[in-house]
Amino acid sequence: MPIRRSETLPIAAEMDIVKVRQTVRAWAIACKFSLVEQTKLVTAASELARNALEHGGGGKATLEELDDGARRGLRIAFEDQGKGIADIAQALKDGYTTGGGMGHGLGGSKRLVDDFAIVSAPG
Numbered sequence: 000m001p002i003r004r005s006e007t008l009p010i011a012a013e014m015d016i017v018k019v020r021q022t023v024r025a026w027a028i029a030c031k032f033s034l035v036e037q038t039k040l041v042t043a044a045s046e047l048a049r050n051a052l053e054h055g056g057g058g059k060a061t062l063e064e065l066d067d068g069a070r071r072g073l074r075i076a077f078e079d080q081g082k083g084i085a086d087i088a089q090a091l092k093d094g095y096t097t098g099g100g101m102g103h104g105l106g107g108s109k110r111l112v113d114d115f116a117i118v119s120a121p122g
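Numbering follows numbering that gives the first Met the number 0, with no gaps: position 67 of the sequence shown is 66.
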């Protein structure tokens, strides 16, 4: 699907997570997502932004509005500076954590969106 617009947001502090949430909400509204769709997407984006900050040493979120004339959507890619995820399948399981949290962020985020992928490399 062609990219209509894009924006990259830094994730280096707690306030950046707020900015990611606000921007995702504004874009979802512009795409005419339902309130439920907006809430699910904002929740997933917030969890992933927090994960990038707390476990990945910060990073960035890139938002892309996709539009092929018949359908519109949002793609959000998160990139961080972390050491990588050794076992992605394990990391997606509820309760799995390496940082002392509840271990619901990645798996929960995956359940909230239509398409979800993790690309990870050591280092």
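No lab work stands behind these hints, which were simulated from the structure alone. Honestly, I wouldn't trust all of these hints.
[To be verified] Below, computed lysine-lysine pairings styled on DSS-like, alpha-carbon distance capped at 25 Å:
(1) K82 x K31
(2) K59 x K109
(3) K59 x K18
(4) K59 x K39
(5) K39 x K18
(6) K31 x K18
(7) K109 x K18
(8) K31 x K109
(9) K59 x K82
(10) K82 x K109
[Claimed, not checked] Cβ pair distances, simulated, as ranges:
(11) L34 x G56: 29 to 39 Å
(12) V35 x K82: 33 to 43 Å
(13) M14 x A69: 32 to 42 Å
(14) M14 x T61: 16 to 26 Å
(15) P121 x A29: 18 to 28 Å
(16) L34 x D114: 32 to 42 Å
(17) G68 x M14: 17 to 27 Å
(18) G107 x S33: 31 to 41 Å
(19) M0 x K109: 14 to 24 Å
Heads up, the beta-carbon is just placed ideally off N, CA and C, and yes, glycines get one too.
Hint check results:
1. K82 x K31: Violated, at about 37 Å.
2. K59 x K109: Answer holds: K59 to K109 is near 19 Å, not above 25 Å.
3. K59 x K18: holds, 11 Å
4. K59 x K39: Cα-Cα ~20 Å, so holds.
5. K39 x K18: holds, 17 Å
6. K31 x K18: holds, 20 Å
7. K109 x K18: Cα-Cα ~21 Å, so holds.
8. K31 x K109: holds, 21 Å
9. K59 x K82: holds, 15 Å
10. K82 x K109: The hint holds at about 21 Å.
11. L34 x G56: 29 to 39 Å: For G56 against L34, whose Cβ atoms are near 34 Å apart, the range 29 to 39 Å holds.
12. V35 x K82: 33 to 43 Å: Holds, since V35 and K82 (Cβ atoms, about 35 Å apart) stay within the stated range.
13. M14 x A69: 32 to 42 Å: holds, 37 Å
14. M14 x T61: 16 to 26 Å: For M14 and T61 the Cβ distance comes to about 18 Å; the hint holds.
15. P121 x A29: 18 to 28 Å: Since the Cβ atoms of P121 and A29 sit about 38 Å apart, the hinted range of 18 to 28 Å is violated.
16. L34 x D114: 32 to 42 Å: violated, 21 Å
17. G68 x M14: 17 to 27 Å: Taking Cβ atoms as reference, G68 and M14 lie about 37 Å apart, which means the hint is violated.
18. G107 x S33: 31 to 41 Å: The hint (31 to 41 Å, Cβ to Cβ) is violated, given that G107 and S33 are roughly 20 Å apart.
19. M0 x K109: 14 to 24 Å: holds, 21 Å
In summary, the numbered hints that this structure violates are 1, 15, 16, 17 and 18.
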